[in-house]
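Here is what each chain is made of, one letter per residue.
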Amino acid sequence: MSPEHGAAVTTALTNYVFPNDLHVHWSLMIVLYPYITGIVAGAFIVSSLYHVFHIQSLKPVSRYALVFALAFLAFATAPLLNHLGHPERAMNMMLTPSPTSAMAGFGYIYSAYAIVLILEILFIYRPTLVALKQQARGGMKLLYTILTMGSDNVSKEALEIDHKITAFLAGIGIPMACTLHGYVGFIFGGVKANPMWATPLMPVIFLLSASVSGIAGIILSYVIIREKQGKPLDMNCIRTLIKFLWGCFILDFVFEMLELFSHAYMATHHWEALRDLYWGPLFWTFWVAQVGIFSVIPFIALGILSLVKLSDKTVKIWGSVISAMILIQVLLMRWNVVIGGQLMSKSERGHAVFHPGFFTKEGIVPSIIIMILPIVFLYLLSKVFPFWLEDDPTVGRQSA
Amino acid sequence: MMKAIEQEISQDRRRFIKKVLGGSIAGSLLLVIPAGAMDFDKIPEQIPGMRKQDGPFIEGKKFAFIVDITRCIGCGSCCVADKNEYNVPDGNYRTWVERYIIDDHDNVFVDSPNGGLDGYQEPRQDLPYPVRDTFFVPKLCNMCEHPSCVQVCPVGATFQTRDGFVLIDYERCVGCGYCVQACPYSVRFIHPETRTADKCTWCYHRVRKGLLPACVNVCPVQARKFGDLNDHESEVYKILHQPHVISVLKPDMGNKPSLHYVGLRREVV
Chain X
1 MSPEHGAAVT TALTNYVFPN DLHVHWSLMI VLYPYITGIV AGAFIVSSLY HVFHIQSLKP
61 VSRYALVFAL AFLAFATAPL LNHLGHPERA MNMMLTPSPT SAMAGFGYIY SAYAIVLILE
121 ILFIYRPTLV ALKQQARGGM KLLYTILTMG SDNVSKEALE IDHKITAFLA GIGIPMACTL
181 HGYVGFIFGG VKANPMWATP LMPVIFLLSA SVSGIAGIIL SYVIIREKQG KPLDMNCIRT
241 LIKFLWGCFI LDFVFEMLEL FSHAYMATHH WEALRDLYWG PLFWTFWVAQ VGIFSVIPFI
301 ALGILSLVKL SDKTVKIWGS VISAMILIQV LLMRWNVVIG GQLMSKSERG HAVFHPGFFT
361 KEGIVPSIII MILPIVFLYL LSKVFPFWLE DDPTVGRQSA
Chain L
1 MMKAIEQEIS QDRRRFIKKV LGGSIAGSLL LVIPAGAMDF DKIPEQIPGM RKQDGPFIEG
61 KKFAFIVDIT RCIGCGSCCV ADKNEYNVPD GNYRTWVERY IIDDHDNVFV DSPNGGLDGY
121 QEPRQDLPYP VRDTFFVPKL CNMCEHPSCV QVCPVGATFQ TRDGFVLIDY ERCVGCGYCV
181 QACPYSVRFI HPETRTADKC TWCYHRVRKG LLPACVNVCP VQARKFGDLN DHESEVYKIL
241 HQPHVISVLK PDMGNKPSLH YVGLRREVV
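Those sequence lines, one after another, are chains X and L.
Residue numbers for the first sequence, in this note's numbering: 1 to 400.
Residue numbers for the second sequence, in this note's numbering: 1 to 269.
Here chain L stands alone, though its shape is the one from the complex (with noise of 0.2 Å):
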């Protein structure tokens, strides 16, 4: 009896491992072969009408990002989707997430440990008096319609797209840091690897295939809103067109960002 189990057990060990062998080659070619260009059309469109454009600019488009402070739960996803994309190094932010703190003395606390990377899981200890209020507040490039990044760039490396967009010709940039000082809302770093400056680009890529920003796709509340206002149907142009507290930062310095913030606070820097 022992003996017959026990040969039922060995042929099935000889069975798994055939199988788990065969999988993992098989796993490892999917790995090894290359699965060729992503078929975009496979992948619904999220932005209406992306697919329709072939020429070097879009055309006929005005985009906006939109942040609601009021929604955001500060789980850092926005976070981790942006490192995933963009391989961003370590100490080096693209996008991150500021957790405000206002005790009942109306002492304001901010905070951004890792960039908000981790998430907020614990509330903070340190504070004297009991707390009043509490949000979290994502930033990213405002892509200005008056970029100081561009008007201090010495070789026009970075510069403005006819749609809008502040990008970096990182081909062209030398890496004098000029960029990082003039940018009022520090979005711009400078790569440790590349050795050119880098920053938020609002996933244009991603944009003309007809994507949403890898942060906006992964937002669990829709804190992170991106679309087109010249799309009257699109969700940031019903925001911006219908009473909200909004506004954006540090408006007294006129570079007029397209980054708008639904719920923003007087303390948000």
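In isolation and in its complexed conformation, chain X is listed as follows (with noise of 0.2 Å):
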């Protein structure tokens, strides 16, 4: 409130929300859902790497990062679920959708990318499926049976077909993981109403986060599990994964603060309502959170651990805080643009604030068994697909 007579009209702010904007209706739900497409969308991206643009060094990951991306799209849509009042009438989304709403869109190309890659992962694995299903019993056979699509033929002609149909995919994979996230940030960068969310810049950001968050995730994942398994560590792909994230994560952590920045040089009216979210009720989960520790300590970090020659146990070990910290700090991002973004009444003369139940049905207890079902789906994919090449019975018959 300045005291200035005159000056003080637009920008006197009396805290008055709108009586509806007290609910924040998009709660913990909503920030799992972009946070788990990211995931997926960047794990592919990972697998791609190696599948489209052939970087070696990347081939040891290259087919776990796709059995991790559907673990993980496989539970995409149980936040969603959970958090609609209706969940029995969700297929209506695809039956009978309005061509004019940006969420209509998410069944399809959901769906459409959960088809590439499922098709992408068997065949790829294919000839590793054939050679399994001659060693297996009972009802394994059979689940073999079905994955291999009935054809047992790993002949040269067909496994060269089979390459085609692959290289293919990934290549139309790789637009489809960028549309379905940079969909999912249009969904709210397409909300006029909000002017957090209302900027074109959401779906790039969103993108550049989930590549970031994939990626994080299959260093962080890749390094538990062999060690876990006792089984060695290939350096090489763990500091070819590290500069990709250090990359991505340059260019996602830019333009997260581009985007703040814009709002605040431009200082439009909007900028007195953002201003004061992203400094009232946003501070201690976007400043001090996402800013301070988990960007700027991962951002010099992973720049380290990209141009310092460390040794192997340091890139292992700190490789793998650095990416832990790194899906901390997309987590939070989610958090402050999907809950703060409706803290900002449309009033734009306060805002409310929210504090998510420990129980409740879109609780922090939903929120967490929501986030471990993928990985103990992982698990029990780790039983049917071999995640590494060395325990792949037809490993040097072909390139995976």
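Simulated from the structure, these hints should not be mistaken for lab results.
Just to be clear, a hint being listed does not mean it is correct.
[Unchecked claim] In silico DMTMM-like links for lysine to aspartate or glutamate, alpha-carbon gap of 25 Å or less:
#, chain 1, residue 1, chain 2, residue 2
1, X, Lys192, L, Glu145
2, X, Lys192, L, Asp118
3, L, Lys61, L, Glu233
4, L, Lys250, X, Asp276
5, L, Lys250, X, Glu348
[As the list claims (entries may be wrong)] From the structure, some residues in chain X lie toward chain L, with a derived Cβ separation under 8 Å:
#, residue
6, His25
7, His86
8, Thr100
None of these values were measured; they are calculated from a predicted model.
Glycine included, C-beta positions come from ideal geometry on N, C-alpha and C.
Take the two lone chains, each set in its own frame, and fit them into one complex as the hints suggest.
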């Protein structure tokens, strides 16, 4: 409140929140939804770096990244279904979609991407699955028969056709993964009533943070799983992943800051409300946590890990720690965008507060369960699809 | 003598109890026995020509809602009528009334405790400078010509009728809340019981029967006006076609509201 006469009319904030804006309808579930789809898109990009762009050092994780993506993709809709007031009507989005809705496309884009990802996995793994089928018995044999689509043909010609198909699928998979997550960003970026969301940068930031979370997820889980299995780590692969993580994170963090800086610099009437939001209810989660701890530290650490010659042990430990921090950074970013955007009342005169419940339907416990489910599913998938080439009975016969 | 009086009283008492019992039984029966469908023809038509409409759509009408903020006294009657009409759950508002106070330093103070449901009976005490101006602003659905809620609804549950109403099909709504996010005016909420989106409908069910919206009906100072713009005799037509200070909320959103405000001030968001 400025005491200057005349200057304060539009700046005076009375912390007035529209009565209906006191409710935060998009809660933790909608924080998790872009988080999970982002991890899916990012992991797929890691796989494509090998399969499409032939970055050989990523070969050790190229198949694992696909299965990892599938494990998370399988649960991408779980938070959405838990969030909907009427989940039993969810299929209406695909059966009777409204063509003007930015949300109505999700079912189609998600399904199309799921089909591409599943086919990609089945074709890449086909010779492996054929070999495993021959060793398997009972239920597993039936499962492998289904997964090999009934074809045991692993002749050179058949594998060449497989290879063409996988190259094609990976090729269309990249734009689809980008579309999937860019589109998720647009679901928010297209809400003109919300000045925090309504920016053309939103899909870009979502896509970059998706890449970052996917790569970080692969690094962290690769190190943990290999260590747990007592298997050696491919340090060249980890170093390459860290370099890609650094590169993507530079773009991600810079765009996140640029977006905020643009708002501050242009200082339209929206900025009053945005500034109060960032320095008010979002101070701890945005400035302290997302920016201060989980962006600046990884930003510097990734640079050091990428540029300085360090021992394998250092790279392994710090690569994992920084990857975990990046995963937290992206989760915080989702929180600050999804929850933060709703805290700012459309009255532009104040903001609401939000504290998630613990055991409520969309509270912290259901969120933790939803984040554990993909990891459990990943474990189950590991029983069917060998993650690593050395576990593959056909290794040497084909080139992943 | 005393005995005679006592007798009189006890007789009276008996008669009194009989009457009371009879009355309450008859009254209870009236409550229990269904009264049958309301005969709307017996209530005078408030919107001319509506009773002749028998098709699925209202033909030949273009409705507008006008709020005259120079008239509103902040009594909250409209909010009470609305809550009664729809049994609106506490903490959610189909309509509400805001109190604006501008002090002599041009600071703007806005509040709307309980959505103005209790009326503004006490002046605000927490203001640092003398008050220069004060007024009330009732809010409700803007019935936009280009509604954001209809645009974003993924299943077409929120739709625009040919006669200009923006309504919700509660049987189709999935309760995703996208419309709540998209509405620039925050008139929408997720109904905690039905788990679907909900909002003001300008009392579409009443309008179809030729009755004014409940809030318009009860406003003691005619701050809320509703009518047909194609009817050149209607009050809304006359107001919108005469020199007045008239505006809509957030015009730069591009939603083109059909809700107009007379005497709207630039401080109002």
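Would the hint linking Lys61(L) and Glu233(L) be met if the CA-CA limit is 25 Å? Cα-Cα ~13 Å, so holds.
- Within a Cα-Cα threshold of 25 Å, do Lys192(X) and Glu145(L) meet the stated pairing? The given pair, whose Cα atoms are some 16 Å apart, holds under the 25 Å limit.
Margin query: For the restraint on His86(X), tell me whether the closest CB of chain L is nearer than 8 Å.
Written below: This hint holds: His86(X) lies near chain L, its Cβ roughly 5 Å from the closest one there, short of 8 Å.
Hint check: Lys250(L) vs Asp276(X), CA-CA at most 25 Å. Holds or violated? holds, 21 Å
Exercise. Given the proposed pairing of Lys192(X) with Asp118(L), does the C-alpha separation stay at or below 25 Å?
Worked result: violated, 33 Å
Under 8 Å is the threshold here; is the Cβ of Thr100(X) close enough to any Cβ of chain L for the hint to stand? Hint on Thr100(X): holds, closest Cβ of chain L at ~5 Å, below 8 Å.
Exercise. Taking the least C-beta to C-beta distance, is His25(X) closer than 8 Å to chain L?
Worked result: holds, 4 Å
Quiz item: Lys250(L) and Glu348(X): Cα distance at most 25 Å?
Solution: Within the cut-off at roughly 11 Å; holds.
Violated hint: 2 only; the structure is consistent with all others.
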